[in-house]
Each structure stands twice: as structure tokens, then as C-alpha cells.
Amino acid sequence: MRQSKEFLVITFSQTTDAMAAELLFRDLCVPGRIIPIPRQLSAGCGLAFRTEMDQKQQAQQALVEAGIRWHEMEPVRLLV
Amino acid sequence: MIYLDNAATTMHKPQTVIDAVVHAMTSMGNASRGAHTGALEASRTIYETRRKIAKLFGCKRPDHVVFTCNSTEALNIAIQGAIPAKSHVITTDLEHNSVLRPLYRLKEESGVCLDFARADRQGRLDLQELEGLIRPDTKAIVCTHMSNLTGEIVDIARIGRMTKDRGILLCVDASQSAGNTPIDMEQMGIDILCFTGHKGLMGPQGTGGMCIREGVEIHPLKEGGSGVQSYRHRQPVEYPTRLEAGTLNGHGLAGLSAALDYILETGVETIGRKERMLAEHFYEGVSQIEGVKVYGCFEDKNRGPVVALNVREYDSSEVSDVLSVDYDIATRPGAHCAPRMHEALGTVDQGAVRFSFSWFNTVEETDQAIEAVRKIALA
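Here the protein sequences come in this chain order: L and P. Going by the working numbering, the first sequence opens with residue 1, and the numbers climb by one from there. Going by the working numbering, the second sequence opens with residue 1001, and the numbers climb by one from there.
Just so you know, these hints were derived from the structure itself, not from any lab. Hints are not guaranteed to be accurate.
[What the hints assert, rightly or not] Using 30 Å as the maximum straight-line C-alpha spacing, the simulated DSBU-like pairs for lysine-lysine come out as follows:
1. P:Lys1139 - P:Lys1164
2. L:Lys5 - P:Lys1293
3. P:Lys1274 - P:Lys1060
4. P:Lys1086 - P:Lys1107
5. L:Lys5 - P:Lys1375
[What the hints assert, rightly or not] Residues of chain P placed beyond 12 Å of chain L at every Cβ, according to the derived structure:
6. Val1022
7. Asn1030
8. Ala1035
9. Tyr1104
10. Arg1121
11. Ile1134
12. Ile1153
13. Asp1184
14. Glu1214
15. His1233
16. Lys1274
17. Arg1276
18. Lys1301
19. Val1319
20. Val1322
All residues carry an ideal CB built from backbone N, CA and C; glycine is no exception.
Turn these sequences into a full structure, and let the hints guide you.
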């Protein structure tokens, strides 16, 4: 079976917010990338941002300061 | 990139489409707004596009071809503009949200009574059951021609025979079938055919429309500028102006016109045959891999170029992500805006990874996709 690893996954209620967060995190050098939303967080479709677990505080603070809404910010094991 | 997300949009367009858009953006004015060279070029280009759409779909009158931004807009105009309040409407489990949501809205806001023809675990409809749902007050059947999730094709001509003598409106969503499956409105008994330009028709995004049978009345969703009858208080009543308030996407429609030339010259049956061959080749490859579950019925060869699957118990989103990042293969995961079909297939929780093929895909690309699925399943 493929290996998995725990990531911090941030979900958004709409794609516009995910795109805004991606730009923000790129500017602030928050590591990670956009992924399809994992089923653990939402059955359905949409985008999420996957980053390292230790980025939670920085990511949260950056989103708050930029006024970007997020839906959930949870640890999720994902295939690597 | 190996692009296998053509059911979402075709990314590879004929070069003539790109050239036509570029030419239009340097030469076209606003259609139906004046008679200078640029405006006339736009008017003529758009009218030619209507003629080609009418020819492709067997619509008797080019002036009954209405352009919209996409099939969602066309379906909203059709559903909200042609279905009376408090009437009975039949639809199916195969539908996309572009059909379901406008119908749910009518149900909530206009007292429309909605019945569904059920899909089985393989995503197939029982048309006898659908016919059994017809009541004396049934005013419309709204039905997809092809499932965007499994590629299942619905026998529209058979439904057309049910509606023809009963005075029931037949509105068909051809988003997935236009360009790869022959459609003839007259022969199939279709009253309103909704299509999009950017999928199988290989045109630009932002193009789509509807073909309307003569005598079918649709109340406009929008009112506004038309370039004609400026002193009327309300939108002109003649099609297509009746449903086309505001400037059309002339640049996009010029591209669609070139795409239609390409399709009409190549032949819908030729295009469909190749796309189905690729999908079947892919199905034969992946269906033998341990741990891969493919959805839909493949006994019937008359199906769309779509294969939806899951690998073991992996989240479809993760499989699609691995395909993208490790193999540079583009697919679509999760729910595919077809909630009732996911319920029928039992994939609400896991979603499904959809591989969808186009005229421009190759057997080599398909083989690479099979190999990638094999590696993910074995790893």
C-alpha cells in the first residue's frame, strides 16, 4: 500500500477564497499547494490547501489578517 | 500533460478555433448594433454559427438557435421559462446540478411537483419506469442525453415517442453528447436541446446555447439591449432575440463556428468512434487491475467516452492528486455535480476518479494512464 503522511489541510467554502489563500501563502512563503478537497473533510468537490502541520499558527494568522475566510483547518493523512 | 478531463472541458482545440478567435478579436464589432463593417462581420459570423448549429442538431430554423454562456444558462432559461407553475415534471437520477438545481428551485418557489426516474447500481435508467411516471398533468420531461459520470447514454428518441402525442415538453441536456454522438431534434422528438460549446464541440468556454422547436414558448430570463425594436418596453418576442438580451460573446462564437466546421468536416460519428475506442481501451486495461472498481455498464458499446473508477478504498481526491503530481495526468475526482447518480452508484463518500477522452487523445496516452492506475493500485 502507498505511504501516507499527516498534513494540515485548509478548506474553503468557495474557489475564490482558495485562490486568494494560495496567493497569500506564496507571498508569505508558507509551504504547500492546492489539492482536491479530501473526503475526510467534505464529501463532494472543491479545493483545499495542503501544508505542513507546523504551519498552523502562521497560516491562521495570515488568513485572519488578510480577511480570507476558510472553512476548516484540520490534520489529515494523505497519500504521498 | 496527459489531459483526460475532457468531460469538464476540452483543452486541446483545433488550431482553426484559436485562429478564428484571434481574428474576431481584431476585426469584429458588436453584432446587431449598427451596419458598419465590424458590426456586420459580427452579425454575419454569429448567424453562420447559428446555421451550423442548426445543421449539426437537426434544428429546422437557424433563428431558433439561441446563444448563451453555457448549457447551465440555457437549461435555466428553458426550465424556468417553459415549465408552468404547479405542473408535474419528470427528470432522472442521471442529471447534473445544472438540471437539478433549477428544478429544485421550481419545486420550492413555484409548486412544481417533481418525480425521478431511478438509476440502478450501474447507473442505468429503466425507461419503462420513466413512462410509468407520466401523469395527466405532466408538462415536461427534462433529461440528460449522456451521464457526465459514467457515460451512460439515454435513449432520447424513445422518450420523444412518449412525449410527442401527450403534449409533454421534452428538454434535453446534451452537454456531454454534443460533438461525439449524433443528435437530430426532429427524429428524436426533442423540443428544447441545450448544449455547451467548450466540451465535445471543441469551442471556447463562454459559448453554449439552445435549439428550440418551432412553436415552443419560452419566457425570457433576461431583458435588455437587443439592437432592434429599441422603443418597445419589453424584450422583442421573436427568437433568438427574445432570449438573447445584451451583447453576445461574438469572439467566442467565432471560435465555435470554426470548431463546428472542424466537426462537420470530420464527422460526429468519426469523432465519437475514436473517443469511444479510447475509453473502451482504457476500460479493458483498468478493469483487470486488482483493487480497481469501475462504475457504469460497459456491455452496451453505445456509450460516452467516460470511465469513472476508484482504486481500493483510497479517496478519489487523493488518487486524482497522485495522478496529477506523479504522472502529470489530468482527471476529475470527488463528486461530479451529479449527486443522485453518486447515490445510485454508491459513491457518495468516496467520490470517483473520472477519465474522459477527446478526439485529440491517443492510444499511447491511454496506455500511460492505465499504467499509472496499475502502479497506484499496486503500490
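Checked hints:
1. Taking the CA atoms of Lys1139 (chain P) and Lys1164 (chain P), the gap is about 12 Å. The hint holds against a cut of 30 Å.
2. Between Lys5 (chain L) and Lys1293 (chain P), the direct Cα distance comes to roughly 25 Å. Compliance with the 30 Å bound is thereby established for this hinted pair.
3. Among the hinted pairs, Lys1274 (chain P) with Lys1060 (chain P) is consistent with the structure: their alpha-carbon atoms are about 29 Å apart, no more than 30 Å.
4. A threshold of 30 Å between alpha carbons decides the hint, and for Lys1086 (chain P) with Lys1107 (chain P) the separation of about 8 Å falls inside it, so the pair holds.
5. The hinted pair formed by Lys5 (chain L) and Lys1375 (chain P) meets the criterion: a straight-line CA distance of about 19 Å does not exceed 30 Å.
6. Interface exclusion of Val1022 (chain P) from chain L stands, the closest Cβ pair being 27 Å apart, more than 12 Å.
7. Residue placement check: Asn1030 (chain P) keeps its beta carbon more than 12 Å from all beta carbons of chain L (closest about 30 Å).
8. Against chain L, the non-interface label of Ala1035 (chain P) holds: every CB pair exceeds 12 Å, the least being about 41 Å.
9. Annotated as non-interface, Tyr1104 (chain P) keeps its C-beta farther than 12 Å from every C-beta of chain L; the closest such distance is 16 Å.
10. With 12 Å as the threshold on Cβ separation, the claim that Arg1121 (chain P) sits away from chain L holds: the shortest Cβ distance comes to roughly 19 Å.
11. Every CB of chain L lies more than 12 Å from the CB of Ile1134 (chain P), the least distance being 33 Å, so the non-interface label holds.
12. Non-interface status of Ile1153 (chain P) relative to chain L is upheld: no Cβ of that chain comes within 12 Å, the nearest being about 24 Å off.
13. Residue-level check passed: Asp1184 (chain P) sits 34 Å from the nearest beta carbon of chain L, beyond 12 Å.
14. Every CB of chain L is more than 12 Å from the CB of Glu1214 (chain P) (nearest about 39 Å), matching its label as outside the interface.
15. The beta carbon of His1233 (chain P) sits about 37 Å from the closest Cβ of chain L, which is more than 12 Å, so the claim that it is off the interface holds.
16. Even its closest Cβ contact with chain L, about 29 Å, leaves Lys1274 (chain P) beyond 12 Å, as expected for a residue assigned away from the interface.
17. With a minimum CB-CB distance of about 26 Å to chain L, Arg1276 (chain P) clears the 12 Å threshold, and the non-interface call stands.
18. Residue-level check passed: Lys1301 (chain P) sits 30 Å from the nearest beta carbon of chain L, beyond 12 Å.
19. A Cβ of chain L approaches the Cβ of Val1319 (chain P) within 12 Å, the least distance being about 8 Å, so the stated non-interface status is violated.
20. Look at Val1322 (chain P): its CB is around 6 Å from the nearest CB on chain L, not clear of 12 Å, so calling it non-interface is violated.
Checked against the numbered hints listed earlier, the structure breaks hints 19 and 20; every other hint is satisfied.
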